[in-house]
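Hints given; two lone chains; assemble the complex.
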Amino acid sequence: MKVLVPVKRVVDYNVKVRVKADESGVETANVKMSMNPFDEISVEEAIRLKEAGKATEVVVVSIGTAQSQDTLRNALAMGADRAILVEADGEVEPLAVAKILKGVIAEEEPGLVLLGKQAIDDDSNQTAQMLGALTGWPQATFVSKIELGDGSMEATREVDGGLETIKVNMPAVVSVDLRLNEPRYASLPNIMKAKKKPLDTKAAADYGVDVTPRLKTLKVSEPPARAAGIIVGSVSELVEKLKNEAKVI
Amino acid sequence: MDFALTEEHNMIIESARAFVEQELYPFEDEVEKTDQIRPELYESIKQKALEMGFYAANMPEELGGGGLDTVSLTLLEKELGRANFGLQYIVARPSNILQACKGEQVDNYLLPTIRGEKIDCLALTEPNAGSDVRSMECRAERDGDHFVINGTKHFISHADVADYVILFAATGVEDTPRGPKKKITTFLVDMGTPGFTVEQGYHSVSHRGYHNCILNFDNCRVHESQILGEEHRGFDVANEWLGATRLSVAAMCLGRAERALEIATEWAATRKQFGKPIGKNQGVSFKLADMALELKAAELLTLYAAWKDDNGGMTDTDAAMAKLKATEMLQMVSDEAIQILGGMGLMDELPLERIWRDHRVERIWDGTSEIQRHIISRAMLRPYEQ
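As given, the protein sequences belong to chains A and B, one line each in that order. Residue 24 in UniProt numbering sits at position 24 of the first sequence; the count goes up by one each step and never skips. Residue 86 in UniProt numbering sits at position 86 of the second sequence; the count goes up by one each step and never skips.
No lab work stands behind these hints, which were simulated from the structure alone. Idealized CB from N, CA, C, for every residue including glycine. Take these hints with a grain of salt, some might be off.
Using C-beta positions, here's what the derived DEER-type ranges look like [claimed, not checked]:
{"#": "1", "chain 1": "B", "residue 1": "6", "chain 2": "A", "residue 2": "223", "range": "34 to 40 Å"}
{"#": "2", "chain 1": "A", "residue 1": "231", "chain 2": "B", "residue 2": "205", "range": "41 to 47 Å"}
{"#": "3", "chain 1": "A", "residue 1": "214", "chain 2": "B", "residue 2": "292", "range": "42 to 48 Å"}
{"#": "4", "chain 1": "A", "residue 1": "152", "chain 2": "B", "residue 2": "311", "range": "19 to 25 Å"}
{"#": "5", "chain 1": "A", "residue 1": "221", "chain 2": "B", "residue 2": "292", "range": "26 to 32 Å"}
{"#": "6", "chain 1": "A", "residue 1": "51", "chain 2": "B", "residue 2": "357", "range": "41 to 47 Å"}
{"#": "7", "chain 1": "A", "residue 1": "214", "chain 2": "B", "residue 2": "46", "range": "52 to 58 Å"}
{"#": "8", "chain 1": "A", "residue 1": "224", "chain 2": "B", "residue 2": "33", "range": "44 to 50 Å"}
Below, a sample of chain A positions facing chain B; criterion: calculated Cβ distance under 10 Å [claimed, not checked]:
{"#": "9", "residue": "65"}
{"#": "10", "residue": "66"}
{"#": "11", "residue": "77"}
{"#": "12", "residue": "181"}
{"#": "13", "residue": "185"}
{"#": "14", "residue": "186"}
{"#": "15", "residue": "188"}
{"#": "16", "residue": "189"}
{"#": "17", "residue": "191"}
{"#": "18", "residue": "192"}
{"#": "19", "residue": "195"}
The shape of chain B in the complex, shown without the other chains (with noise of 0.2 Å):
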């Protein structure tokens, strides 16, 4: 067993901790106070991370992106993970479903938006399908080689800012052994489709300046040639593409974590009360103990799972238990953090308290934790199913 990293790795790691440090630090506190990325420091902080090469890091290198394995890619993550979120996100990883695209899309879509000329976003959730997204209400119709799509999303990350919306919707039902099922179909929509609208979703307690909207589809003609995979097929790219994105989410929670515990460690050290730092009090130091000790598994299940996915061996357990462990880690990392600060570390001086409040949607978005678990203890039952 090899757990050391590579010269390269270490090298992705400095550069984007530079990247991180200087680029998206200095605008934390301008996007916190404000909810909202001004378009010049969107598109500057845009340019440099094009010019690093870190935008589209995760699409392969023959497309123009940067081809990183997945453990390269979810330590970048991590970096990227201790900034802001909205910030963060300037620096694109676009959909990997968009890997599916084929002829004209190549051009229209996916390369474009390796090329940080278009934005993608992608839409799933709806009011009243979230963790069982196969009930969306959201359908489209054939009408000849056109298709009508009717309803709603929300929850639709960064749609404010996107180009085009990677969207699924209902196209008809099966009869499958366990009841009917709907068959559900992909469409790369873009902004600006007559019937198709955006508008601001509602404000999360999150993500400071990165917004949820809620997309419309009143009678949304879009052609055939608008699907992405193939007609009733949208699962399946879907479940093809889609499966490292909770590697992302455990990523950047690990960043975050590291970024609490080196505030919550320098403290401890440094600040004196009764006479000494408080971190002389196992009180205190256990604390830290035990949040390093969180944090450490985290990191070992993510790259473990990171690991398995390059060698082709990831499961839907390795990836669950990875976004599970290090999420709610990062509830626990976070919330001691501030405990061991007091005061101090409620207020908006210091990113604890941002850190904090982000960590809740982590727990919830890219399945939830009972989700996860879900997942996991599936896997394990299933042997015994009759």
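The shape of chain A in the complex, shown without the other chains (with noise of 0.2 Å):
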């Protein structure tokens, strides 16, 4: 079985980071970038899955510039066999994501589709429902564990108030949550292998896909800071302020 594996590049999740002066959005130049976090730990799953015998091919796919690549060698390096970038320049939205990612489905005709929940930069938390439905494969999100069955896999889902465990058949789409595992880091061998593994480039417009934006992106501006806390000096005066001034009780 083939696992097709989304990546995204983000801002690394260490970077603090700032709003551009213009409001358009984030500020990206010069800033430290990574694979999504959440992506790492589908990587993981891949090659978990290939290492216990249960795959037999993991291929990696980003959509984005020509700096994705890195992203991608990274996936390479912590184990992965084949990568495929589909160049797109500017913000791509889920959709368009997903759309592309069904034209490499069709190419790739993998068993498994291993996405991370959402990605850290937009938290959009879309492309793999889209994706569930654009392909009509079932659909398990927010997984924390997987057990691979015959034709079908058994998927823990991280939901309000528990775990839930369903049932899906293959070919599936999963959207993996943090604590599914904790992905390795690449080791010197595999990061010196990872330059003379196989990655293909391609364009959106090879899927026949329009990636302009469908939604206009207003301002971006930083979260309002958050005000000094007081010091109360007594119940009744706490009480006081809750009553009368913050108005909660």
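Rendered as structure tokens:
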């Protein structure tokens, strides 16, 4: 079984992001970029499936500028076998990503698509669900445990108030949550091998997808600064302030 | 001129940083306080280093090593250098000189050392032979097809965990235009060879958990097949293989300085006195600028030397400048970092006091700062010599 793992290049989670002066978005020039952490988890899971003999090939795909090659090389260094870069400039919205992935799926015919549940830059959390709808494949979202069966899989999902286990038929679209696994760091030999692994470059147009954004960003602004707290002198003062100032009781 | 790091370089840095933060940092406190590394801890870190392929990263790929070029190795060692020295050295970089192994030496020493089954140590220094290493008194006298070794070596790093020593001993005297000169031969001597004993060395202010030892040779007999390289040609082997160790010292100083600067910067940005972060005072912020400047200068010198080494042109001056600048930079950066933190900088809650203590040996070993300046100026003045 082939596993397809889409990965996204995002601002590194350690970076304290800054809003651009013209409020058109977040500053990405000279900022450290990395693989979306949820995608690292899906790459890790795919490699583990291969190591366990349950997958035969791990193919990673990224949609973005040429620099997304770095992210793909990273996935190859972790242990993926092959990479596809679908070049597209500017912001590509979840629906366009899902449409391109549908095209990639038609070519690659994977038995499983493992995606991060969301990207930490726009936090959309839409691509997996849209891809499930477009392909007509069963979907399992926010998955924290995967058990492959014969022609189906059991997925444990993190839902409000607990865990839910569902059974889906394969092929399926799965979006992974934080607790599925702890991604590995690339070992030195795998880093050296990564550059010899195949990386194909395609264009969004190859899949007949128009990536023009359907949404217009009007303004991006910093969250409001938190006001300083105050220290109250007594319980009665606290109650008085909660009643009359904060008006919460 | 291209100063950009490659994708592989960045991946090596990221993996090494994660390894150092996850596998080494958690044990720093223990090692600093006990001055010991528990054998189980040593083994488990070694296994992880082997799995990650960082072990023997300096050795050629065809021998089972990491096969890193000097720039990549420098970047790796910079990251490793952030951690306690004893812990980071578990991720061994066997002495490059072992690549001079021939015949059975390859299977008995070189390959097991790369695989982590044996640990090497290197013995040059003696109580009366420091910078003037050729004045060594430890001697090996031929007796048939054996050599009889007598003498003492000291300051021999990690001999307490080593399985064998790469030993330099005098095997005679030759007349040269500049007077008589000792002939030196390199031997591979196993721990436990009769007449060879190792004792714990001195307690150093630097590098807790990483010990120096005293080696005593009393009529220790070794077979001539234990000669590394050729008889009387010990310094030729050393010169061929040991040049890059100065870059190792430089690289590890860079990592340590970077860590100290990160701590100092965060402190300056968040520590409030007189109603504002102390970094808003130029007395503090200018220190940060100078520290960053010195670190960058040392890093450029070190990577430049490494790049020249990869391209076949590193001179003694290049290595000496990198080592000199990086070690003296660390003195300045670690001291100023403590100054910015004030009293808290001296406490062992933070790694700063350790980095400050550890920097001291870096200006001494692998050639003192004065020897490095001698190497640099000697090359400058040589064209004018009559």
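Results for each hint:
1. Under the hint 34 to 40 Å, the C-beta atoms of residue 6 of chain B and residue 223 of chain A, about 37 Å apart, fit the expected range.
2. Under the hint 41 to 47 Å, the C-beta atoms of residue 231 of chain A and residue 205 of chain B, about 46 Å apart, fit the expected range.
3. Checking the proposed 42 to 48 Å range against residue 214 of chain A and residue 292 of chain B shows it holds: the Cβ atoms sit about 45 Å from each other.
4. Roughly 57 Å separates the CB atoms of residue 152 of chain A and residue 311 of chain B, a value that falls outside the hinted 19 to 25 Å.
5. Between residue 221 of chain A and residue 292 of chain B, the C-beta spacing of about 31 Å keeps the proposed range 26 to 32 Å intact.
6. As the Cβ distance of residue 51 of chain A to residue 357 of chain B is approximately 44 Å, the hint placing it in 41 to 47 Å holds.
7. Between residue 214 of chain A and residue 46 of chain B the CB atoms are about 55 Å apart, so this pair conforms to the stated range of 52 to 58 Å.
8. A hinted range of 44 to 50 Å holds for the C-beta pair residue 224 of chain A and residue 33 of chain B, which are about 45 Å apart.
9. Here the hint on residue 65 of chain A is broken, as its CB sits about 15 Å from the closest CB of chain B, past 10 Å.
10. With its C-beta approaching chain B no nearer than about 12 Å, residue 66 of chain A sits outside the 10 Å limit, and its interface hint is violated.
11. Here the hint on residue 77 of chain A is kept, as its CB sits about 5 Å from the closest CB of chain B, short of 10 Å.
12. With 10 Å as the threshold, the beta carbon of residue 181 of chain A stays out of range of chain B, its nearest partner Cβ sitting at about 15 Å, so the hint is violated.
13. Using the Cβ-Cβ criterion of 10 Å, the hint placing residue 185 of chain A at the interface with chain B is satisfied: the shortest such distance is roughly 4 Å.
14. For residue 186 of chain A, the interface hint holds, since its Cβ comes within 10 Å of a Cβ in chain B; the closest pair sits about 5 Å apart.
15. Interface hint at residue 188 of chain A: satisfied, since its Cβ lies 3 Å from the closest Cβ of chain B, which is below the 10 Å cut-off.
16. Given hint, residue 189 of chain A at the interface with chain B, holds; its Cβ is 4 Å from that chain's nearest Cβ, closer than 10 Å.
17. Because the smallest distance between the Cβ of residue 191 of chain A and any Cβ of chain B comes to about 5 Å, under 10 Å, the interface hint for this residue holds.
18. At a threshold of 10 Å, the smallest CB-CB gap from residue 192 of chain A to chain B is about 7 Å, leaving the interface hint in force.
19. The interface hint given for residue 195 of chain A is met, as the beta carbon of that residue sits about 6 Å from the closest beta carbon of chain B, less than 10 Å.
Figure legend: structure checked against the earlier numbered hints; hints not met, in rising order: 4, 9, 10, 12.
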